[in-house]
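Listed in order, the protein sequences are those of chains A and B. Using this note's numbering, read the first sequence as starting at 509 and increasing by one per residue. Using this note's numbering, read the second sequence as starting at 3 and increasing by one per residue.
It should be emphasised that the hints constitute simulated quantities derived from the structure, not laboratory data. If you're wondering where the values come from, they're calculated on a predicted model, not measured in any experiment. Heads up, some of the hints might be wrong.
Output of the computed footprint for chain B on chain A, the stretches with three or more beta carbons under 8 Å from beta carbons of chain B [to be verified]:
{"id": "1", "region": "523 to 531"}
{"id": "2", "region": "569 to 582"}
{"id": "3", "region": "587 to 595"}
Simulated restraints on C-beta separations [said to hold, decoys possible]:
{"id": "4", "chain 1": "B", "residue 1": "P115", "chain 2": "A", "residue 2": "S605", "range": "39 to 49 Å"}
{"id": "5", "chain 1": "A", "residue 1": "L547", "chain 2": "B", "residue 2": "S112", "range": "13 to 23 Å"}
{"id": "6", "chain 1": "A", "residue 1": "L622", "chain 2": "B", "residue 2": "S76", "range": "40 to 50 Å"}
{"id": "7", "chain 1": "B", "residue 1": "R63", "chain 2": "A", "residue 2": "L622", "range": "36 to 46 Å"}
{"id": "8", "chain 1": "B", "residue 1": "P81", "chain 2": "A", "residue 2": "Q558", "range": "16 to 26 Å"}
{"id": "9", "chain 1": "B", "residue 1": "S76", "chain 2": "A", "residue 2": "P569", "range": "14 to 24 Å"}
{"id": "10", "chain 1": "A", "residue 1": "L547", "chain 2": "B", "residue 2": "G85", "range": "17 to 27 Å"}
{"id": "11", "chain 1": "B", "residue 1": "P115", "chain 2": "A", "residue 2": "K579", "range": "21 to 31 Å"}
{"id": "12", "chain 1": "A", "residue 1": "K579", "chain 2": "B", "residue 2": "I20", "range": "21 to 31 Å"}
{"id": "13", "chain 1": "A", "residue 1": "S515", "chain 2": "B", "residue 2": "Q5", "range": "42 to 52 Å"}
{"id": "14", "chain 1": "B", "residue 1": "T28", "chain 2": "A", "residue 2": "Q567", "range": "10 to 20 Å"}
{"id": "15", "chain 1": "A", "residue 1": "V581", "chain 2": "B", "residue 2": "N9", "range": "39 to 49 Å"}
Where is the CB? At the ideal position from N, CA and C, for every residue including glycine.
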Amino acid sequence: EAEVAQSPRYKITEKSQAVAFWCDPISGHATLYWYRQILGQGPELLVQFQDESVVDDSQLPKDRFSAERLKGVDSTLKIQPAELGDSAMYLCASSLSGGADTQYFGPGTRLTVL
Amino acid sequence: DQQVKQNSPSLSVQEGRISILNCDYTNSMFDYFLWYKKYPAEGPTFLISISSIKDKNEDGRFTVFLNKSAKHLSLHIVPSQPGDSAVYFCAANSGAGSYQLTFGKGTKLSVIP
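Just chain B, same shape as in the assembly (with noise of 0.2 Å):
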């Protein structure tokens, strides 16, 4: 049963434009949200996080709004660069115990110059 959900595995958007990512989860014991990227034969490095208390959270042209009674968070990036192109995984943490991230499968996004 997966607890955190990406239905889009690949998304293109032209150069310029605006990126949104979708996830949703299941688990609403989950208060801690994080962006990854990770590109070809590299870790996923840290991009963007946000906790339950806060609905938006702005870094540059990356920002990541959380609906909580949705269940459900998106990440935009505006403009989308050919140097965005990646794999984005959601991740989710409890606080609770164990501060273990279960991750999304990943979004593969194409930015096409």
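Same shape as in the complex, but just chain A (with noise of 0.2 Å):
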């Protein structure tokens, strides 16, 4: 079966590093999502992408977290310089073609700034 896969799985840093996590999606999947998950929160949709545009960085915090997804498959999502309040888990989702599809996601990278 198909798999949303997420690199690293667990990540320790110190305050002001860089950190960057890896997604590659479904094979075919148009869309891409990166969410954050602080602990005993859900989800919460950081970036959006339709092949490698971006569709919504609304809640991205864009003096130090970036993305990109190039060529449309595989995305990077990038924090410089990291903070503690960073720490949780980033989840990556893909879905097929966005709207109303399934988001897929993979079992998340998470983050401990120190």
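With the hints in hand, could you dock these two chains into one complex?
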């Protein structure tokens, strides 16, 4: 069964350092999402791509976060510099063509900022 | 302001009995609702969905009920099994422009053998 791949699964970093997360969506899925889930909360959308274009990044803290999906396939989410409050689970999801299509999630990257 | 609310952080049910997880929403533009299940250290897994044109959708042991007038939906699991123990998230989208999913905070279900 096709799955969304994410790496690394766990990342520990010190504040002010740069971190990057990678996501490979299900093959053929045009829409890719990055979510952040703080402990005890539901996932919150950071950015949505349709192919290589950003559709929605209204919740992305653009002073320190950036995301790209250059070839419309895999994607990278970067944080620079990391802050203590960035400690969370970062989830990637993909769907066939956006809209009401079901979003399938990867296992996530657990980030701890010390 | 939380647009999707799951007011019960946790629920314990005996194996074989019915589990009922509840979700309320405030945004009348929401027209598609989903339930996801999440095990520790894994990403959410899609479970079942319902469009606002329906009031019930069933898939095996899982049934979702939608009451649009009350802005309320519920997930029924019958019979509950120990493997159902997980955190369940209710999510909704409006389909207007961005199909962003808005999630509730989740309910932790424990099914006791």
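Check each numbered hint against the structure and report the violated ones by number, ascending.
1, 2, 3, 8, 9, 11, 12 and 13
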